[in-house]
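Those protein sequence lines, which keep their order, are chains D and B. The numbering of the first sequence is this note's numbering, which starts it at 1110 and goes up by one. The numbering of the second sequence is this note's numbering, which starts it at 1110 and goes up by one.
Just so you know, nobody snuck in bad clues.
Same chains, same names: a pair is fine if it fits in one copy or spans any two.
Dumping the calculated DSSO-like pairs for lysine-lysine here, alpha-carbon to alpha-carbon at most 30 Å:
#1 Lys1285 / Lys1498
#2 Lys1356 / Lys1159
#3 Lys1141 / Lys1495
#4 Lys1159 / Lys1354
#5 Lys1362 / Lys1224
#6 Lys1285 / Lys1141
#7 Lys1495 / Lys1159
#8 Lys1268 / Lys1243
#9 Lys1159 / Lys1551
#10 Lys1268 / Lys1299
#11 Lys1522 / Lys1489
#12 Lys1362 / Lys1226
#13 Lys1215 / Lys1242
#14 Lys1354 / Lys1303
#15 Lys1215 / Lys1362
Because the hints were derived from the structure by calculation, they are not lab data.
There are 2 protein chains.
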Amino acid sequence: MKHFFIAVILLIAFSSFNSLKSVKNSEPTVNKADSIVVRQLFNSALSNGKSYQWLDHLSNNIGGRLSGSPQAQQAVEWGEKLMKDLGFDKVWLQPVMVPHWVRGEKEVAYFTIGKIKYDVAICALGGSVPTPKKGVSGEVVEVNSLAEAEALGEKLRGKIVFFNRPFEDTLIETFKSYGGCVDQRGGGAKVTGKFGVLGVIVRSMTHSIDNFPHTGAMGYGDIPDNEKVPAAAISTIAANLLSEKLKENPNLKFYFKQSCETLPDAPSFNVIGEMTGSEFPDTYITVGGHLDSWDLGDGAHDDGTGIVQSIEVLRLFQLNGIKPKHTIRAVLFMNEENGLRGGRKYAEEAKKNNENHIAALESDSGGFTPRGFSIDANGKNLALIKSWKSLLAPYGLHDINEGYGGADIDPLKAETTTLISYKPDSQRYFDYHHAANDTFDKVNKRELELGAASMAALVYLLDNYLQ
Amino acid sequence: MKHFFIAVILLIAFSSFNSLKSVKNSEPTVNKADSIVVRQLFNSALSNGKSYQWLDHLSNNIGGRLSGSPQAQQAVEWGEKLMKDLGFDKVWLQPVMVPHWVRGEKEVAYFTIGKIKYDVAICALGGSVPTPKKGVSGEVVEVNSLAEAEALGEKLRGKIVFFNRPFEDTLIETFKSYGGCVDQRGGGAKVTGKFGVLGVIVRSMTHSIDNFPHTGAMGYGDIPDNEKVPAAAISTIAANLLSEKLKENPNLKFYFKQSCETLPDAPSFNVIGEMTGSEFPDTYITVGGHLDSWDLGDGAHDDGTGIVQSIEVLRLFQLNGIKPKHTIRAVLFMNEENGLRGGRKYAEEAKKNNENHIAALESDSGGFTPRGFSIDANGKNLALIKSWKSLLAPYGLHDINEGYGGADIDPLKAETTTLISYKPDSQRYFDYHHAANDTFDKVNKRELELGAASMAALVYLLDNYLQ
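Make a model of the complete structure from these sequences and hints.
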């Protein structure tokens, strides 16, 4: 391995003149030596990767790890110990207070038409208030948007509002379908509470027609406590059935019961591990995902994969003897799902400490086969990263374009110039997202490893070429 | 829908001058109207697709359909009826005699070290002879290649030869890993039979470390009957364990028993449905997959997906009112897995009838998310198809390059200029390939539908632009 890297270093040295020349000419900056390093990073990840066995532990031995839960604390301790055992130059916990919402007993829901009872697969949305102990029961008004609910206004009083706008199937990227629907989950209760509704039920955020309810964050904004009504998600099969039955039985009765509650904020941590830069130790590139997850599954794809890939990036550097010029940090953010406190805290601390972050990479779109990167950067850096396309395309990374960086790194925007999201294939993501079937067995080992290698390759290039 | 297509036809008419001009200038031939049609094909497949429900029936109601089996006959009847029900212009069966190999009783294998017995997950390879009724038992010689076995020669006498060269993990495309190993399965028995071995066991052809044995075709070539020894695949977990134990216990005893046999050739059929061309009815473009499968799973990915996608291509044309200029045929080939008789028969008949085939598209790499097309064509046609890249890239089709066309269409090579293979993502394919876990639940609806739309878009462009 050592000889290989001496060869690479020589190649880099010999090719640096060409490389510098091409920067001036605005031509691709990468060279043959880079392509050898990138190939080696992929080789290591695929033949000697650790991400899959780490994910097995995080998913199966720790499991779902909602902020404030004992499992979230176990995940913090696991992440810290793992990075210390790997011998990263510095590993520490960054304290952050997080919301502490608990689901309580398993929710119950059904609707009745006369004496016929239809069971409904349901789960409380994160942040929701509970129903009264005996549940709520009422007629249902089906709507397709927040605006439609607002327009109905007082007609909603005493009813259960059912938000049922489905994912748009014809969009190729499923994140766009999600973006087009998720306002119902996030804001349904907030906009209808003032009309004295009994509660809100929302069609699960997925393309898949199955019986898994998908949880996720909702919020009440600053509405008064007495307007806060319980909100829940129902499975797409239940939503389709309810919608169908409502057409002929508009007065059917829907019942649901949930006992979730919000406890006082709890202490938790971001977990940070770093390889100190050889030339610019006070300048940072971060790579991260979020350590918390929802509680229904084991959080394998959301975002266990991002966590293990981020740690793997640093290990792949170690393994291949790559000494980064800048300090590279793996950041395991806490509380992306229902508060983003970890992402905000990291950015606050970075600002307070005058840390110079030149780039941040996030993996929070599942552990699927690589497609590319989504880049939120100035024109110069965007062009630079796009110029690496020919180097990355052989690994399936074709879609390297301007776009959103990521939730956990977005608060860093003022502190850095370049935010990047790793972009795997999106077709299966919402089959599992926030549901009980987001489990380790849904992750393919090679797809996960290809993602880790893709991220390592990008961090390597950023470290070498980003100004 | 009709108005939409009148608009598209007008657009095509208005843009034909530009299009013709750009052919002469060797610039991209496609135009705005094409991009609208392609978009519409994807919209239809994703919002109103039938391929997933067809595959559900083929996989779950018919199941594994090895050539000559009752299920293969049921699949023939199903395919014929489906295409007739869809109202294709012409649907018929093309008779072909196929090999008829049957597995018999479930195979048994184990090895023993002293009194300790280790069970082994095993399956006979397709085409193998049986063991004697009481099985075979002997010492094992592990080798990593046909050449290594040949070199050992007489030292193999009375032994069981264990071919254990694993997939190369560092190759990005898993088909290359398969191609680098499959000679062991295909030729292991053929090259060692002359040395009087008891039998051959082969490591399963997969990256995945699990307990599924993967079957597949093997052959004896023209060796004498008395040199034909039984051949089987063992799971990768069993292969790793056996290899590990052999290091310390080179004299351990391996036992296996299989009762497979080759019956006389059986009558079967290719199933063909066509939409007659409006301008060139005697010129053909085919789109196909293979209707037979191995018997262990239900053949969902191999190649149920190719079958339903091929039929869906024609249905998407119908649904969108596209009248092809050339005759488009969906060809459901019989016997790709253990004989290729269907592919050969189709090419023979095409030649005999002087049919002018201008292109053939095959889908036989699983129903995964689209990546591109692999093209076996002359330089002019290759360049033409590659010029469509910008039109197809928004659908994930970036990898449009020269390569192999496909097993079932390869015999057509003398009769046509352009063979194309649909290329989905390959990472998961060999997790299921020829094994008991190649089942319907492994297919994602959207990935399947995106593949069908990708194929329809390509056939549409071939129909309009290929000379």
